[in-house]
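The listed protein sequences derive, respectively, from chains Z and R.
Heads up: the first sequence begins at 0 in numbering that gives the first Met the number 0, then just goes up one per residue.
Heads up: the second sequence begins at 0 in numbering that gives the first Met the number 0, then just goes up one per residue.
None of these hints come from the bench; they were simulated from the model.
Predicted model only: the values in this text are computed from it and were never measured.
Quick reminder that beta carbons are idealized off the backbone N, C-alpha and C, glycines included.
One or more hints might be untrue.
As the list claims (entries may be wrong) - Here are the computed distance ranges between Cβ atoms for each label pair: (1) Ala127(Z) / Gln134(R): 47 to 57 Å; (2) Asp129(R) / Ser180(Z): 23 to 33 Å; (3) Cys25(Z) / Ser136(R): 32 to 42 Å; (4) Ile261(Z) / Lys117(R): 37 to 47 Å; (5) Lys117(R) / Pro195(Z): 28 to 38 Å; (6) Gln134(R) / Glu222(Z): 43 to 53 Å; (7) Asp129(R) / Ile31(Z): 35 to 45 Å.
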Amino acid sequence: MSENNKLNMSLEHREYLRKVKQRKICVLVAQIVIIVAIFALWEIAARAKIIDPFITSQPSRIVDTIAKLYREGSLLRHIAITCLETVLGFLLGTMLGTFIAIILWWSEFLQKVLEPYLIVLNSLPKIALGPIFIVWIGAGPIAIVVIAMTISIVVTILEVLNGFLGVDNDKIKLVKTFGASKIQVFTKVVLPASLPVIVNALKVSVGLSWVGVIVGEFLVSKEGIGYLIVYGGQVFQLDLVMASVLILSLAAFLMYRVVAWIEKIVIVNRNS
Amino acid sequence: MDIVVEINNLGMKYHSMNGEITALENINLIVEKGEFLSIVGPSGCGKSTLLSLIAGLVLPSFGSILVDGKEVTGPSHKVGYMLQKDHLFEWRTIMQNVLLGPEIRGTLNEETKEYALKLLDTYGLYDFKDKYPSQLSGGMRQRVALIRTLVTKPEILLLDEAFSALDYQTRLIVSEDIYKIIKRENKTAILVTHDIAESISMADRVIVLSKRPATVKKIFEIKLTCENRTPMTSRDAPEFRQYFNGIWKELDIHV
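The following block holds chain Z by itself, in its conformation from the complex:
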């Protein structure tokens, strides 16, 4: 808002804006208070021997663990591997999924034929396919990426296809009156009109890719955050498990923010 506007504002409006701003700050403060309180209580309870840090771990030990991992030089490597696997699985899943959705939009016949298969694949917990991929591909990062991709691809296909099919028929009719070919109908109307749906599908599948990667790492890996969690559990080192979960939450949150940021850029100017 320009300075000029600010000067012309009525007192009530200024008051209103101030209240909105105040409310925002209150929410932020409450959010910070909650996280600080949880960690503080956790630490105090552990130190006062109310809970057993061997089983529950405690914030100071988590920090120590992270620092130790960092000094050993393996921390960043674990994080990088897991993030890379997730991003790859996510990108492959959404790109392939969108591509398949385009084919299904194009051919109503294929769409009808494949419908029951998609429904089965959608309701099937894709994790169950994990061992199959490991046998086929070998126990390694590629199998993990494939598991992550498999989880996000089905949702992407269904969501994006639904978006394509939900485009207003009159909009399609409009470009047809200009003599648009099927490719033009797709590129000029269907794709741009369903961009918000596609971006929304991205948000869902980024979460699912994390699930796929962590489960994949549980199953096979020797590196990555999922590996740290499983390893920590096996050797009863809860500090390592908690530290890994904390790092994982942060990484997942950041990736979600990136997608949300992309959404903001893509969906600019769409108010109707």
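Based on these hints, arrange chain R on the given structure of chain Z.
Leaving out everything else, chain R in the frame of chain Z:
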């Protein structure tokens, strides 16, 4: 007089699992150059189907349609179609929306861009050319939709309930607006509407279609004694009420 549209023994059938529906039957119609034609009929009688047929979006089961002497076999450059809603693409600026037709037809060049700018300028939208549709009022959006059609230089404009989505006041203003633009650009127009008053106020002739299977039931030549005829002044003409009652009777609607 030049004949722009000639419809001969036109019939249209739809097929579905529940059987076949005859939407239109034995329609004969001639539209002359520069004429403004309104089509009214009971709801669901196939008014919009008739426009889709003229636009070449669907092909007739029987009979033929000639636009400018040539049989319609698909969407033609000579026909411009306006739908109930403006359907401006919210991801495109006004200028980009207006250029949609030339873009699809592959005729986007400096000349068409200049023509688009000229039309936007003439109809008071030049300053909005880089805005997005959500920043415009309903009336302005409908004007943009008309310009988007005019940019392709159609011989004939098909208006499919083109004002029905607007609220009543806006609707009166927009139909006045669009009528003037069409007359000024000297275009032939066919308006499909369920609003009897609107049909009389804009048209030189009102075609009344019967219930399904629709056929031409009656044609009213609208001759109003008023100066500077526009949709607004038409409504004040002494004959307006008689036409209204006449058309209402022909529509023969029972609820």
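Violating hint indices (sorted, rising): none
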